[in-house]
Each structure stands twice: as C-alpha cells, then as structure tokens.
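A.B. asks: This note's numbering applies: residue 58 is where the sequence shown begins, and numbers increase by one.
Source of the hints: derived by calculation from the structure; they are not laboratory data. Careful, some of the hints might be misleading.
[Said to hold, decoys possible] Within a straight-line C-alpha distance of at most 25 Å, the following computed BS3-like cross-link-like pairs (lysine-lysine) qualify: (1) K277 x K172; (2) K277 x K381; (3) K180 x K277; (4) K365 x K310; (5) K310 x K386; (6) K386 x K172; (7) K180 x K310; (8) K310 x K381; (9) K172 x K311; (10) K172 x K310; (11) K381 x K311; (12) K180 x K311; (13) K365 x K311; (14) K386 x K311; (15) K172 x K381; (16) K381 x K365; (17) K365 x K386; (18) K277 x K386.
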Amino acid sequence: MQQQRIAASAVVLCLRTPPNIELGFDWRTFEVPEHFEGFKGVSPGIHFLYFSTSNVMRSGIFFEAASRQVIIFGWNSKEEFFQLVEIVDNTELWHQLQYNVHLAIIPPETDREWKRQSNYLTKDLLQNLNLSIFSHVQPGQVDELYGNLANNGSVVPGYSLDNVRTPIFTPIPSERRANIHSTPEEITKFNMDATQRLESLLEHYNYLTNSCADVDYSDKHLSRGEYLLLGEQQVSFILFMLLFSLPGLEQWKKLTDLLCSCDDMLRTHAHLFSVFTRNLRFQLEAAPCDLFTDELSADNFLRGALEKLFDVADESTFLDAPLKRNIEKLKNVVIANFGWCFREGKTFFSMNDSLEDEPTYVPYESCAIYLSDDSRVPPVGTSSTESLSKTMSRAVNEVRSLESSEFQFRKQSLQNALDSVNPDILP
Numbered sequence: 058m059q060q061q062r063i064a065a066s067a068v069v070l071c072l073r074t075p076p077n078i079e080l081g082f083d084w085r086t087f088e089v090p091e092h093f094e095g096f097k098g099v100s101p102g103i104h105f106l107y108f109s110t111s112n113v114m115r116s117g118i119f120f121e122a123a124s125r126q127v128i129i130f131g132w133n134s135k136e137e138f139f140q141l142v143e144i145v146d147n148t149e150l151w152h153q154l155q156y157n158v159h160l161a162i163i164p165p166e167t168d169r170e171w172k173r174q175s176n177y178l179t180k181d182l183l184q185n186l187n188l189s190i191f192s193h194v195q196p197g198q199v200d201e202l203y204g205n206l207a208n209n210g211s212v213v214p215g216y217s218l219d220n221v222r223t224p225i226f227t228p229i230p231s232e233r234r235a236n237i238h239s240t241p242e243e244i245t246k247f248n249m250d251a252t253q254r255l256e257s258l259l260e261h262y263n264y265l266t267n268s269c270a271d272v273d274y275s276d277k278h279l280s281r282g283e284y285l286l287l288g289e290q291q292v293s294f295i296l297f298m299l300l301f302s303l304p305g306l307e308q309w310k311k312l313t314d315l316l317c318s319c320d321d322m323l324r325t326h327a328h329l330f331s332v333f334t335r336n337l338r339f340q341l342e343a344a345p346c347d348l349f350t351d352e353l354s355a356d357n358f359l360r361g362a363l364e365k366l367f368d369v370a371d372e373s374t375f376l377d378a379p380l381k382r383n384i385e386k387l388k389n390v391v392i393a394n395f396g397w398c399f400r401e402g403k404t405f406f407s408m409n410d411s412l413e414d415e416p417t418y419v420p421y422e423s424c425a426i427y428l429s430d431d432s433r434v435p436p437v438g439t440s441s442t443e444s445l446s447k448t449m450s451r452a453v454n455e456v457r458s459l460e461s462s463e464f465q466f467r468k469q470s471l472q473n474a475l476d477s478v479n480p481d482i483l484p
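From just these sequences and the hints, can you work out the full model?
C.D. replies: Structure follows, in structure tokens:
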C-alpha cells in the first residue's frame with residue numbers, strides 16, 4: 058500500500074529555504090533541518106504550503122500536484138515568500154529525487170487528515186474566492202471579508218507582486234422578512250428556519266458553476282452548488298486554522314450557523330447535511346479542545362448553532378439514517394472534546410459554567426398584574442402590597458446575577474462616557 062502511494066506521488070522542491078523559517082505542508086508544520094530541499098510522497102490533488110519568518114505573518118500557496126510530477130518553488134528573499142519556479146513532468150527526474158535524503162516524506166496520517174479537511178476543494182472554487190492556484194495567499198482583514206479589495210489584484214500593503222491574494226468569500230444572504238399577509242406561524246418560520254437563505258445561497262453557487270469548466274465532482278449525490286458550499290466551508294476553516302485568518306473564521310462561523318439552522322432542508326437535502334455534519338466533526342476533532350471553550354473565542358456561536366441542529370434532529374422522526382448517524386457522532390465529539398452535556402430545557406451547558414451568571418427571565422404578568430390595574434384581586438391570604446413586595450424582591454434577586462464583572466465594566470465605561478460630555482452642549 059505504501060509503495061503504491063509513493064509510486065503515484067509527486068515531489069515538491071523548496072529551493073533556498075532559509076533557516077529558522079516556520080514551514081507547514083497541509084495539516085502539519087515541520088522543523089526545517091539543515092540542507093532541507095522539499096517534500097516527497099505528495100499525493101495527487103490540491104495541497105497547501107504555508108510559511109512564516111520572524112518578520113512576516115503567515116501566508117501560503119494552494120497548488121495542485123499530479124502523479125510523478127516535480128513542482129519547484131523558490132524562496133524570494135526580498136518579499137520573503139515562496140513562489141513557483143517551474144512544473145516538470147519528467148519521470149526520470151522524479152525517480153532520481155526519490156533517493157534524495159534532503160526531502161522530507163509526507164506521513165500517510167498527515168495526508169489522510171488533509172483529505173478529510175479538503176476533499177471538497179476544487180480549482181474553480183479557489184478561483185471564485187480569489188485564491189487562485191499558485192498565487193500567494195494572505196490571511197486578510199475582517200473588513201475585506203466580502204471583497205472590499207475586489208479583484209484588482211488584492212494589493213496588500215508591503216507586497217508589490219500582482220499574484221498576492223486575500224480571500225474574498227461569498228456573501229451570506231441576509232434575513233428575509235415575511236410579508237404583511239403572513240400568518241403568525243409563517244412569521245415564526247421566517248425567523249427560526251434559515252432554509253430560504255440557504256436556498257438563495259445555493260442558487261448563487263449554481264449560477265457560478267454555469268461559467269466554470271466542466272468538473273468531474275467525486276460526490277455524484279451533490280449538486281454543483283452544494284459541492285461549492287461545502288468546499289467554501291472547508292476553505293474558510295483551513296485559512297482560519299493554518300493562517301490564523303479572521304475573515305476565514307467569520308465566514309466559517311456564518312456558513313456553519315446557516316447550515317445548522319435549516320429545519321426543512323435537513324429533511325429534504327439529507328445527503329448535503331450528512332456530509333456537512335461529517336465535515337464539521339472532522340473540523341472539531343482537528344481543532345484544539347480549548348478553542349471553543351474560551352470566553353473570547355467562538356464558544357457562544359458554536360453552542361448556539363449546535364443546539365439548533367440537535368434540537369431539530371431530535372424532533373424529526375423521518376431523518377435519513379446516515380444523517381442521523383453523523384449527527385450522533387458529531388454530538389459525541391462535542392461532549393468528549395468540550396465537556397458539554399445535556400439537561401432538560403437547555404441543550405448544552407459546560408461542566409465549568411457558573412449558573413449564577415445566567416440571566417433569569419421573570420414573566421411580565423407576575424409583576425404587571427399588580428402594577429397596571431389596582432382593581433386586580435391579589436391571591437388569597439396575601440395583601441396586594443405584600444404580594445408585590447415579594448414578587449419584586451424575587452425579581453431583583455434573580456436579576457442580581459447580572460451584576461458580573463463584565464456588566465460592571467460596561468456600566469462604568471458608560472458612566473465615564475457620560476461624565477466626559479461637555480455640559481454646554483446639553484439641552
């Protein structure tokens with residue numbers, strides 16, 4: 058099996074690699090030894106070479122390798138990144154390089170993990186996202202999420218080459234509003250079910266595929282639009298994890314939340330969601346366990362998104378069997394990796410959560426019954442004043458948990474802002 062893998066592999070040469078560089082290939086970073094010249098055992102398909110010196114942020118190159126191909130990159134010392142020199146289809150040269158002791162071998166487990174994270178990437182998708190094959194990819198800024206730099210070469214300050222790119226992701230359709238003739242049930246559905254937004258996004262992807270070259274997608278059970286959707290979700294996660302890209306994180310959060318919020322399509326597009334939940338499980342398995350449990354991370358987003366997905370799945374009686382299995386596997390990973398459990402009334406909570414900090418909602422009627430109408434009769438055995446006192450006291454005690462350090466900080470910041478206002482401009 059190993060011999061077959063090597064026989065179908067490619068070689069990637071990284072010439073003039075500087076010492077002390079941080080160098081990564083697919084899902085693994087390497088310590089660069091002395092006289093390092095590149096990699097062998099590279100499987101056919103799309104890969105990602107990324108790197109960083111002490112003075113420059115991480116950046117990378119998506120490239121496509123073919124069987125017994127030699128891809129040559131050279132280090133540009135002025136711009137401090139690798140750039141393509143030549144692609145050689147020479148079997149004799151390939152054979153000679155198999156005996157080069159200065160080439161690192163890509164481990165099979167690294168290749169398997171990369172395929173799990175990138176099996177829906179295509180050249181057309183990368184082109185649509187402004188991440189052309191062999192171009193120099195930078196993380197980008199959040200305000201560039203949907204292409205403020207557009208397709209003008211995405212010039213990045215400090216870089217002069219035309220092939221420098223930052224990701225330009227597909228805009229997510231905004232919330233649609235129900236019309237004035239909608240029933241209460243329809244209005245609720247518009248607010249709770251993101252099916253129509255996902256359908257609009259898939260229409261956009263299908264429109265893009267009409268102008269793309271005819272691609273032989275490996276999963277015949279998916280439409281071309283669904284294939285691009287899953288691929289973009291993977292690309293955004295890859296850029297977030299490997300380049301620490303904030304636009305990548307934001308797009309991954311938006312797509313993940315959208316796919317977790319579609320009640321109707323969960324039943325009608327079972328294969329799409331089966332693949333999505335499987336891919337999401339792979340992503341959460343690859344991410345550090347503390348990534349989504351830190352208060353400053355995407356913790357709230359992920360818990361809320363998964364809560365919606367699992368609640369819909371639990372309430373559905375006719376879900377596709379493979380989809381149910383993948384959702385159950387995803388749930389098990391979430392419990393094992395993040396320490397989130399189940400309880401009645403709230404899908405997730407962390408074993409480390411402080412329940413005192415959770416807001417408590419007091420029914421309006423419990424207070425308003427005595428505040429809005431003096432003629433209302435209090436409960437038997439209590440006076441209206443006594444009942445009101447108890448109700449308000451309970452409400453104050455329950456809401457007091459909001460007096461957390463964060464709440465106090467925000468309150469103090471607001472007070473400082475008010476104190477700094479010039480009294481002469483006040484009415």
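A.B. asks: Against each hint, give a clear statement of whether it holds in the structure.
C.D. replies: Results for each hint:
1. K277 x K172: Given that 25 Å is the threshold and the Cα spacing comes to 18 Å, the pair holds.
2. K277 x K381: 21 Å, holds
3. K180 x K277: 18 Å, holds
4. K365 x K310: The hint holds at about 14 Å.
5. K310 x K386: Holds: K310 and K386 sit about 20 Å apart, inside 25 Å.
6. K386 x K172: At roughly 19 Å apart (the allowed maximum being 25 Å), K172 and K386 satisfy the hint.
7. K180 x K310: Satisfied, since the Cα-Cα distance of roughly 23 Å is no more than 25 Å.
8. K310 x K381: 22 Å, holds
9. K172 x K311: This hinted pair holds, its Cα atoms lying about 23 Å apart.
10. K172 x K310: 21 Å, holds
11. K381 x K311: 23 Å, holds
12. K180 x K311: 23 Å, holds
13. K365 x K311: 14 Å, holds
14. K386 x K311: 22 Å, holds
15. K172 x K381: Given pair K172, K381 holds - Cα atoms ~23 Å apart, limit 25 Å.
16. K381 x K365: Distance ~15 Å between K381 and K365 Cα, so the pair holds.
17. K365 x K386: 16 Å, holds
18. K277 x K386: 24 Å, holds
Of the hints listed earlier, there is not a single one the structure fails to meet.
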